[in-house]
Amino acid sequence: MAMEAFTTHTGRAVPLRRSNVDTDQIIPAHWLKKVTRDGFEDGLFEAWRKDPEFVLNRPEYEGATVLVAGPDFGTGSSREHAVWALQNYGFKTVISSRFADIFRGNSLKNGLLTVVLPQETVDELWALVEADPTAEITVDLQDRQVRAEGVTADFELDENARWRLLNGLDDISITLQNEADIATYESGRPAHKPSTVQA
Amino acid sequence: MGRTLAEKVWDDHVVRRAEGEPDLLFIDLHLLHEVTSPQAFDGLRQAGRPVRRLDLTIATEDHNTPTLDIDKPIADPVSRAQLETLRKNCADFGVRLHPLGDVEQGVVHVVGPQLGLTQPGTTVVCGDSHTSTHGAFGALAFGIGTSQVEHVLATQTLPLARPKTMAITVEGELADDVTAKDLILAIIAKIGTGGGQGYILEYRGSAIEKLSMEARMTICNMSIEAGARAGMIAPDQTTFDYIEGRPHAPQGADFDAAVAYWKTLKSDDDAVFDAEVVIDATSLAPFVTWGTNPGQGAPLSSSVPDPASYEDASERLAAEKALEYMGLEAGQPLRDINVDTVFVGSCTNGRIEDLRAAAAIVGGRKVADGVRMLVVPGSVRVALQAVEEGLDKVFTAAGAEWRHAGCSMCLGMNPDQLAPGERSASTSNRNFEGRQGKGGRTHLVSPQVAAATAVLGHLASPADLSDTPVTAGAR
Numbered sequence: 001m002a003m004e005a006f007t008t009h010t011g012r013a014v015p016l017r018r019s020n021v022d023t024d025q026i027i028p029a030h031w032l033k034k035v036t037r038d039g040f041e042d043g044l045f046e047a048w049r050k051d052p053e054f055v056l057n058r059p060e061y062e063g064a065t066v067l068v069a070g071p072d073f074g075t076g077s078s079r080e081h082a083v084w085a086l087q088n089y090g091f092k093t094v095i096s097s098r099f100a101d102i103f104r105g106n107s108l109k110n111g112l113l114t115v116v117l118p119q120e121t122v123d124e125l126w127a128l129v130e131a132d133p134t135a136e137i138t139v140d141l142q143d144r145q146v147r148a149e150g151v152t153a154d155f156e157l158d159e160n161a162r163w164r165l166l167n168g169l170d171d172i173s174i175t176l177q178n179e180a181d182i183a184t185y186e187s188g189r190p191a192h193k194p195s196t197v198q199a
Numbered sequence: 001m002g003r004t005l006a007e008k009v010w011d012d013h014v015v016r017r018a019e020g021e022p023d024l025l026f027i028d029l030h031l032l033h034e035v036t037s038p039q040a041f042d043g044l045r046q047a048g049r050p051v052r053r054l055d056l057t058i059a060t061e062d063h064n065t066p067t068l069d070i071d072k073p074i075a076d077p078v079s080r081a082q083l084e085t086l087r088k089n090c091a092d093f094g095v096r097l098h099p100l101g102d103v104e105q106g107v108v109h110v111v112g113p114q115l116g117l118t119q120p121g122t123t124v125v126c127g128d129s130h131t132s133t134h135g136a137f138g139a140l141a142f143g144i145g146t147s148q149v150e151h152v153l154a155t156q157t158l159p160l161a162r163p164k165t166m167a168i169t170v171e172g173e174l175a176d177d178v179t180a181k182d183l184i185l186a187i188i189a190k191i192g193t194g195g196g197q198g199y200i201l202e203y204r205g206s207a208i209e210k211l212s213m214e215a216r217m218t219i220c221n222m223s224i225e226a227g228a229r230a231g232m233i234a235p236d237q238t239t240f241d242y243i244e245g246r247p248h249a250p251q252g253a254d255f256d257a258a259v260a261y262w263k264t265l266k267s268d269d270d271a272v273f274d275a276e277v278v279i280d281a282t283s284l285a286p287f288v289t290w291g292t293n294p295g296q297g298a299p300l301s302s303s304v305p306d307p308a309s310y311e312d313a314s315e316r317l318a319a320e321k322a323l324e325y326m327g328l329e330a331g332q333p334l335r336d337i338n339v340d341t342v343f344v345g346s347c348t349n350g351r352i353e354d355l356r357a358a359a360a361i362v363g364g365r366k367v368a369d370g371v372r373m374l375v376v377p378g379s380v381r382v383a384l385q386a387v388e389e390g391l392d393k394v395f396t397a398a399g400a401e402w403r404h405a406g407c408s409m410c411l412g413m414n415p416d417q418l419a420p421g422e423r424s425a426s427t428s429n430r431n432f433e434g435r436q437g438k439g440g441r442t443h444l445v446s447p448q449v450a451a452a453t454a455v456l457g458h459l460a461s462p463a464d465l466s467d468t469p470v471t472a473g474a475r
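From first to last, the protein sequence lines are chains D and B.
The first sequence: position 21 = 21 (this note's numbering), numbered continuously.
The second sequence: position 35 = 35 (this note's numbering), numbered continuously.
For reference, chain D alone in the conformation it holds in the complex (with noise of 0.2 Å):
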């Protein structure tokens, strides 16, 4: 598939106060019968967006495009669809000061940013926009840096993955214009590696 393109975003922000946000929250199983990777918005933290007083319900975050999440978030299940259900909804970009491994790699490889701060610069963003809803983030995958009223942070994102992102790169394609490395190390492949075809 290919991946939109994210070089730089400002946007209002939403501040969710919690660590541990896992897959299941993000989006529920029964959303996962779907097939498509669309249509997930509705889905995205169903279960806390039956209650009024949940961040996101709060009218003066309506519209905010960039979440500022607790340490630990996407952990759990591998589901691309928490990625889409954030995205479906308008997120564009996701800062945190960790991130789980197999989330963080869904999220790059659909042009979800995921920004890795210090947890007391996420403190600070938590506190600028909870007082005032209004202020908006700016994520600069250009410069490698978040800036807001008061704050300007660098962050980390490896060259390739940055590189992938900037220009919306299909990661299937570049491989496979490694095609001759991939059949070369298929012809070397040990006989007794296992085989799926039934005897």
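Treat the hints loosely; a few may be bogus.
Here are the simulated lysine-lysine pairs, BS3-like style, with alpha carbons at most 27 Å apart [stated by the list, open to error]:
(1) B:K164 to B:K266
(2) D:K50 to B:K438
(3) B:K88 to D:K34
Heads up, incomplete: computed chain D residues facing chain B, CB under 7 Å, no partners named [said to hold, decoys possible]:
(4) P28
(5) K33
(6) A47
(7) D72
(8) T75
(9) I182
(10) S195
The set of hints was computed from the structure by calculation and includes no laboratory data.
For glycine and all other residues, C-beta sits at the position ideal for the given N, C-alpha and C.
Since chain D is already given, all that's left is putting chain B on it; use the hints.
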């Protein structure tokens, strides 16, 4: 410098390595199921790409499948459509599929090992985070997202940055009443749900070496619950014996060649891990979770912790929210927690040894009044073996429900679910809010604790059963 087990397997699968790029790894085995594959097959169709290696790909149905009335059409039209989509995709692309009703059907992570497809030194992927299970064989096995499923279908490779390695060394002897599940729950509580993030774990030490393959699978299965994509155990004679003779095990000279290679798959004495955790096996006891993530666990003999005792503000808040969701009070003894449902099954504890362990405890006893106990074999093969041993009759005589194979109550995708507010003792892997059904409350436990809990109606270990079971002949 020596290499770790994970590094050896990794290096053996590098198709291409270039400065500034992730390594391109070859994938030996790709397991598919109905939930995370439809969008991947769609991607192939749109790009006009075939499945590159049908001989390294296999599919089964597990997440959506009902465990009752499997000969009737699936009642939920959305679940049915997802299964039908898998069937169509497998037919269109030529992928081997074991659908509901087939003798090889079952939870994908139970099926791979029992067919002998999961082998040491292989790379195994599946669009399911519990793919880490296969690491018990010394395979490098990890869960992937749907975009990666499509990538593997199209190229049989994945571009991946090499993770760090962490040794989890468990020395000493586990007490008789302490199981692999107790051990992994204690490890997760110790290192936290993010503790393994960025690492491949290697479980080693004398306590690990003594474990059966099935117990090793239980441990590796829950590596992801500690934040690690993969967990591995060096293969040894226990591993070779388990594999030999299975349908897809190497035969004859190939088996000998394979074993010779497999014997090289252990961390070198001078290998350096990026981190190491040491666990004293003798310090462990039956362990259960009280909260809403798998790291929120404690010995069964202890009490629900007081959130105020956490120094870290976010952990304190997480504990407060967990107790509120779980309907528990700080200081409440864990043994005083009553349950409505007991679930024995899943890719964590749905294998034959798990069923035997549970049957040995409920045998000749009765499931407590008001408690529903579901026993769900991890695969049709496990179910057949259990029936041959008469375990199904042991369970039904005790008042438990004996079901067909599938993921069942591990996750809320099929009819087996908790009702809002219902509480379970579950041998599965996740106690997240709503994981087993909206508003359901989950305590993760071993099969032994699950069985004792079913009999007593509150969280309990077999040691709490004071009665003598009625033998079959005396009834």
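Status of the hints after comparison with the structure:
For the given pair, B:K164 sits about 16 Å from B:K266 by alpha-carbon distance, which is consistent with the 27 Å threshold. Distance check on the hinted pair: D:K50 and B:K438 sit about 12 Å apart at the alpha-carbon level, within 27 Å; holds. Simply put, B:K88 and D:K34 have alpha-carbon atoms about 15 Å apart, close enough for the 27 Å limit, and the pair holds. A least Cβ separation of about 6 Å between D:P28 and chain B falls short of the 7 Å threshold, and the interface hint therefore holds.
The beta carbon of D:K33 comes within 4 Å of a beta carbon in chain B, closer than 7 Å, and the hint placing it at the interface holds. Taking 7 Å as the C-beta contact cut-off toward chain B, the hint placing D:A47 at the interface holds, the least distance being around 5 Å. A hinted interface residue such as D:D72 counts as satisfied when its beta carbon comes closer than 7 Å to some beta carbon of chain B; here the least separation is about 4 Å, so the hint holds. Below 7 Å, beta-carbon pairs count as interface contacts, and D:T75 has one with chain B at about 6 Å; its hint therefore holds.
Residue-level restraint check for D:I182 holds (minimum Cβ-Cβ distance to chain B is 6 Å; threshold 7 Å). For D:S195, the interface hint holds, the least distance from its beta-carbon to any beta-carbon of chain B being 5 Å, beneath 7 Å.
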